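Residue numbers (this note's numbering), protein chains in the order written: chain A, 5 to 329; chain B, 72 to 385; chain C, 460 to 759.
Read the hints as simulated data drawn from the structure, not as lab findings.
Derived EDC-like pairs (lysine to aspartate or glutamate); straight-line CA-CA distance at most 20 Å: (1) K680/C / D217/A; (2) K114/A / E139/A; (3) K192/A / D601/C; (4) K83/A / E215/B; (5) K289/A / D89/A; (6) K680/C / E213/A; (7) K71/A / D275/A; (8) K83/A / E302/A; (9) K314/A / E173/A; (10) K41/A / E344/B; (11) K117/A / E139/A; (12) K680/C / E193/A; (13) K171/A / D601/C; (14) K680/C / E209/A; (15) K228/B / E34/A; (16) K71/A / D89/A; (17) K47/A / E34/A; (18) K289/A / E302/A; (19) K319/A / D217/A; (20) K319/A / E209/A; (21) K47/A / E344/B; (22) K115/A / E139/A; (23) K314/A / D232/A; (24) K117/A / D134/A; (25) K47/A / D275/A; (26) K170/A / D601/C.
Footprint (simulated), chain C over chain A, 3 or more residues, beta carbon under 8 Å: (27) 162-170; (28) 189-202.
Every value quoted in this text rests on a predicted model; they were computed, and no experiment measured them.
Where is the CB? At the ideal position from N, CA and C, for every residue including glycine.
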Amino acid sequence: MALEDANAAGGIGGKRIRVIHYDDQGRSDEAVTAITKLITRDKVVLVIGEVASSRSIAAGAIAQQYKIPMITPASTNAKVTQLGDYIFRVCFIDPFQGKVMAKFTREFLKKTKAAIFRDIRSDYSVGLADFYTQELKATGGEVVIDVAYSTGDVDFKSQLTSIRSKKPEVIFLPGYYTEVGLIARQAKELGITAPLLGGDGWDSEKLTEIGGDAMNGHYFSNHYSQEDKSPTIQAFIERYRSKYNVIPDSMVVLGHDAAVVAIDALRRAKDTSPSSLRDALAATKDVPGVTGLITLNEQRDAVKSAVVMKVTGPKTYGYVTTIAP
Amino acid sequence: MKSLSKNAFLVSVVFILLLAALDSLLGAYLNPYFLRVVVNAGIAAILALSLNLVSGCAGQFSLGHAGFMAVGAYVSVALTSIAFPQTWFSSGLGVGAACLIGGLVAGVAGYFVGLPSARLRGDYLAIVTLGFSEIVRVFFLNLEWFGRARGVSGIPKESTFFWVYLWLAVTFVVLWRLMRSSRGRAILALRDNEIAAEAMGVNVAHYKIVSFVTSSFFAGVAGGLFAHYQGFIDPQSFDFSRSVMFVIMVVLGGMGSLSGSVLGAFVLTILPESLRVFEEYRLILFPLILICLMIVRPQGILGSREIWEWGRKK
Amino acid sequence: MQAFLQNLINGLALGGVYALVALGYTMVYGILQFINFAHSEIFMIGAFAGVLSAYWLGGLVEPGWLSLSLTMLVSMAACALVGILAERLAYRPLRSAPRLNVLITAVGVSLLLQNLAQVLWGSTPRLYPMLVTPVSFHPGPDLVFTNIQLIVIGVSIALLVGLVLLVHRTKLGIAMRAVSFDIEVASLMGIPTNRVIVFTFFLGSALAGCAATLYGISYQKVEPMMGVWIGMKAFVAAVFGGVGSLGGAVLGGFILGLAESFTVYYGSSTFRDAIAFAILILVLLIRPSGLFGSVRKEKV
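Taking the hints into account, I'd like the entire structure generated from these sequences.
Quick look at the structure:
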């Protein structure tokens, strides 16, 4: 949609923007090959991608090597932008996100004892769990048990039984929505009543589909809230919904903002050479995205707040609070 | 005999010079993406060749070839990027040495996989090799030292066209000479009729193990080359579907035909890239090819002949 | 103690699914001496059949015994169809070919079905319909089990009993056993071997369909790759119990389920899949014929 706007408004310096996209099947080696093709064969000037941090790290190395700017919409692992000065992101980073939920646990829910249930196969999950633990302990909390599962697992009863025996007050579950939904169900079946907390990996329409009513009453941090009264957000949601029939989740919104930032940089850049683009991107300040005014800091990360949401029903999340950096 | 080895020496020198020349030419004029495909094909060829030894020639169906590749990759990377980063190991020769060591460790693994193979029949062996490959993958997936799920990145990219194709030539020559020797005949006997071979005095267990060890050594080296070409590895790169891909390459080329495996590897590396436009449909194409091959032409393209024997009946 | 019982129940419920799928492997192996690699994908198709039938029927039927049985029948039919097709088109032409070829073909069929499913239905996981309303029982403060778990365990055992009766008390069963003993002699004795083989595939695949339904109501997640690991573990269970032995397959399935539950609880979840392979390798090294299997001498 961002592209339509830009091209409709006359393009950039009179030229239309063309997008080439490849699917990497969720595999890091495919990501590497795909981005190499984009850069060397298709000669793109800018890459937007990937979503998962591990693949962004893989592909980012190539982008940095060839000095083509890359903007990741949603990779939150700190290492991504550490790859080099050609890599940018429009979302917050995990060190911040972990802190957010820890703060939420202590200050909002006023609980001290937490269980950690991380996805050992996901860098994102492991990182987030570590940051949460760090902040929780620093603010006087206690981790009673730390167990793991793997992406793709369907049976979590054994680990949940372990967790149940330690009687935690909250369970930090920084995974992706598929497993989170199943875990919520099985936790309920096992009689666990402690609230589950998570990160932006929860955000998807499918979360409540998979988790059913077992999902209600749990919390997670996210990039944007559909209930946010800001007119930009509401207008975007309306437009997206009328076009595609679903409510945009944070991946959609972040993708849009990545494109907006890219287009903004394209406009400001001296020419379309990658290095000018890079400099323009680095100077991004207060660009109006759906997730707010976007400014990229020295580490090329976006400076943003996180919102905490509570699952209240099928596909409905209630906004709870905002936590600023 | 002297003139033979003198000849061989001369040929090798000329070959190496040719490769070096080709390497610089391609590096300068060929689009990096195409070069990438060519190098990947070369690496795949080494893997297909080594798999052919154990599956095509010795008749031991292995579904775990990616496991040996993984061992070689991770071991070599451990030396060049994790334990001793930025040392001699990061140079061209150092990487070569690391790949060699990776291959040796993979060979040891091959020994342990070969041991039970002496007692297991086709189907069971397939499952055990698959199991081995999965255990290797899960092993590396769980070690923090090896980066767990995110793998290892920042690997020195010293595998150039030159090194990959040099190793390919070495692999080919070694395997070719092996198969032409009496040892090679013993190995073929394993495939054709194990019980008769045993009755004729062939030490079946010994040759099974020899095939596995040799095969896994080269697979390990290829794994190292792969790692030092990609600059990055993760456990997902060495999963079952990769093992199956090598099987398809060997079957396509012809089980027992060394040049066939190289052919199969090239076809099946280049074809997916050229079909990238079709995205997911290409994933249906490959198993379909395999099934049709097995039903209509199980001997693959070349059967058990080499490419220079085309037309000759065997 | 509570934890032990809890894991016991969880393990048995998990094992029930493995047992049913293992039966399919062991039956086909018993008759044709080959591992039907595609069996795991047949299982997956059964699960999708359940998802799709719920989608088409909409909210016509309420959760309960009727919808469970109906869906199970649909899954069984779908699986049986795929199984029979695979046998006819891919395996039968290779009946006299070297074993290696059939094995490779089976791998091919397996991959084909996986990728076909991915193209047709996408790789995003789907939700299995809620055929049974979950009811939890709390016999102890830290002990819970659900009606679904009971259903899984009960159905597996019931089907096993039915199968054993079929194989040992009916003419068809005798024919099956004869063909598994020596296919050439059986045909010489007038047994229509092709029909028996087709029936075996039919039965084995239908059982996978049952397993898929039970898995669906227990774990809800359906996606094209779901069969891979279930199939692998079920195969290990079949080998452990002794290929060719029905009781062995079921026992193997339950034991594997228990082993998994306990390993994950007392050890680490990352070894959940590895335990299956560890068991396999141990069995093959120590007693390849499994618990109840008979050692076959290869004659020349």
